[in-house]
Structures are given as C-alpha cells and as structure tokens.
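Student: Here are the chains, one letter per residue:
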Amino acid sequence: MDFDFATLLFILFGGMAVGCAVSMVVQRNALYSAVSLVGVFIALGSLYLLLSSPFIAAVQVIVYAGAIMVLVVFVIMLLNVEEEARRPLRLIYLIPVAIGLAAVLIGQAAFILTLGGASSVNPRTTNKVVGLTSSVGTGLFTEYLLPFEITSVLILMALVGAITLARRATVARPESPADFPRRGEGLALVAESAGASGGGGVIQPGRTDATGQEVARQQIERNENSDE
Amino acid sequence: MIPLSWYLALSAVLFTIGVVGVIIKRNAIQMFMCIELMLNAVNLTFVAFSSYFGDVTGQLFVFIVMTVAAAEAAVGLGIILAVFRNRESIDVDDASVLRL
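So the sequence lines, in the order shown, correspond to chains C and R.
Just so we're aligned: 192 in the working numbering is position 192 of the first sequence, and the numbers increase by one with no gaps anywhere.
Just so we're aligned: 47 in the working numbering is position 47 of the second sequence, and the numbers increase by one with no gaps anywhere.
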C-alpha cells in the first residue's frame, strides 16, 4: 500500500472524525458532546476538501459547525441541564440491541473494505470542475431548480414552526406611550396579566416593587459615585 | 489516490456510532446531535460517490440534506424547549407519555 500524502490526511481526519464521534457518544455532559460534534464536522469538512469539493466543505463548516452547533449550544446553555445522573436504565435491553446493530454495520463496512467491489472504481480525474461552486450553482439553478425551491419553502415552514413552538404565552403590552404604567404600577399590571393567563401566584407585587425601588436607589447612588 | 471503499467504510462507522448514540442516550439534545452525526455520515457517502463518478448531483443532494438538517435543528430544538418548559427535564424517559 502506497502511503502518499492524501492517504495520510485521510487517516488523520478519518481518525479524528471517529474519535470525536465516539467521544460525543461517551460524554455525559451535553456541552462536551457538542464540542466533540464540532470536531467531527471539521474533520468531515477536511475530508470533503480531500475529495476536491471545496464548496461543500465550506458549507459544512459554515452551516454545521457554525450555525447549527451555535443553535445547539445556545439551547444547552439556556436549559442549563445538569449532567446525566448514573441511574439504572429503564430500557436495559436496548444496550445489547445497540451492540448487535453496531456489529452488523461494522461487519458491512468490513465487507466493503475486504471484498471491495467498489474499490475497482477509478476516479474520473478528468472532470475537474465537479465540486466547484460554479458547477454546484449551475446544477442548483437549472436542472434541480424545483428541489431547490422546495427546500426554501421547507425552511420557511421550519421557521414558522419553530417560532410557534418556542413562543411563550403573550403578556399584554401597553398600546401607546400614554398607556405606559407609571412607576410602581407596572409590576401590578404584569402580575394582573400573568394572573389572567393562568400563571398567577408567581409575581408578588408588593415585595417585588419595594425591592425594585431599593435596587434603583442603590444604582443611582453608585452612578453618582462613579461620576466623581 | 484513496480507494472509494475507505470513504464508504468511514461513513458506515460514523453512521453506526450515531445509531448507537441515539439508542443508548437519554438526553434529548445528545440524541439530537447523534442524528446530526448520522446525516453527516450519509453526506460523506454522497460526496465520495459524487467525486469519484464525476457527477455533481450527489453534492446537490448534500446541499439539500444540509437544508433539511438546518430545518430539523430549528424545529427539534423548539420541541426540546417546549418539552423542557412543561416537564423541567429533557430526559426522554421523563417524556414517555404524551399527556402532561
């Protein structure tokens, strides 16, 4: 087996992808999992470059490692869930199922590698334009225009769905500046609307109001001190 | 040049790790990330075939898969947020019934 530079890079990034993937599954802390998954994405992006597909590699890093993982990390931080507790599994029989499935799939991979009908495929090195942004764009906007438009509609539906899912029950807002509550009335208004929407008992107007005024007074004093 | 079968084997291994993760994890966000890993393994297969056969169609499909993954991320995380708001937990064992 010849060990040229591309092979070395494949082993490096393939090993990085597999290692990060295993680390992602093994970690109990969701944030560590997310960082491992970013490692997988970056390794896969490098493999796409190795496959002479710079456009997909760039999109991989920007969309996956950038946008999607930021979303995931944001949700992890927002929920602030503690580490998974080590408690007995309810569905304990799933572990042997997982191991069996893994054995089957790894066996398939070994079959591909050893019997290797596919390895006789010779890469068409003559077609250098495949994978460049221009060829991908031409394909997207001519032959595959309909799927492209369908994905844009899909994105719109996902946007509407996500906003609908994540929206809280609305709190009544003042209509015009004249309706803005005066100092001390605001919390009562919020408490009133919260009570109307079924969340009563959370906000206690009297105590919160006094606390807020105290905090505001301290802030004013601190500002005067810092100006001097 | 690296044989095509190496890429396919790597993709199969990554997909397997994703499957195992979805089965053994109970944190909804981690299961979600394992699904992303499976999508990426399939993407690797698409790009490898596209590059080896000199046909750009596979890469267009990867583009569409990425779009679907982004939509899935938005909706899936919205669902996780909604579940957390109702149950104070994102452990899927705590969300095993549809009613509250």
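Don't take every hint at face value.
To be verified - Chain C regions said to be covered by chain R (calculated; three or more residues, Cβ under 8 angstroms):
1) 8 to 17
2) 210 to 223
As the list claims (entries may be wrong) - Where chain R lies over chain C, by a calculated footprint (3+ residues, C-beta under 8 angstroms):
3) 29 to 38
4) 65 to 74
5) 102 to 112
6) 140 to 154
These are computed hints drawn from the structure, not numbers from a lab.
Think of the CB as a built atom: it goes at the ideal place given N, C-alpha and C, for glycine as much as any other residue.
Student: Look at each hint and say if it fits the structure.
Tutor: Hints, verified against the model:
no. : hint       : result
1   : 8 to 17    : holds (count 3)
2   : 210 to 223 : violated (count 0)
3   : 29 to 38   : holds (count 4)
4   : 65 to 74   : holds (count 4)
5   : 102 to 112 : holds (count 7)
6   : 140 to 154 : holds (count 6)
The structure fails to meet hint 2 from the earlier list, while all remaining hints are met.
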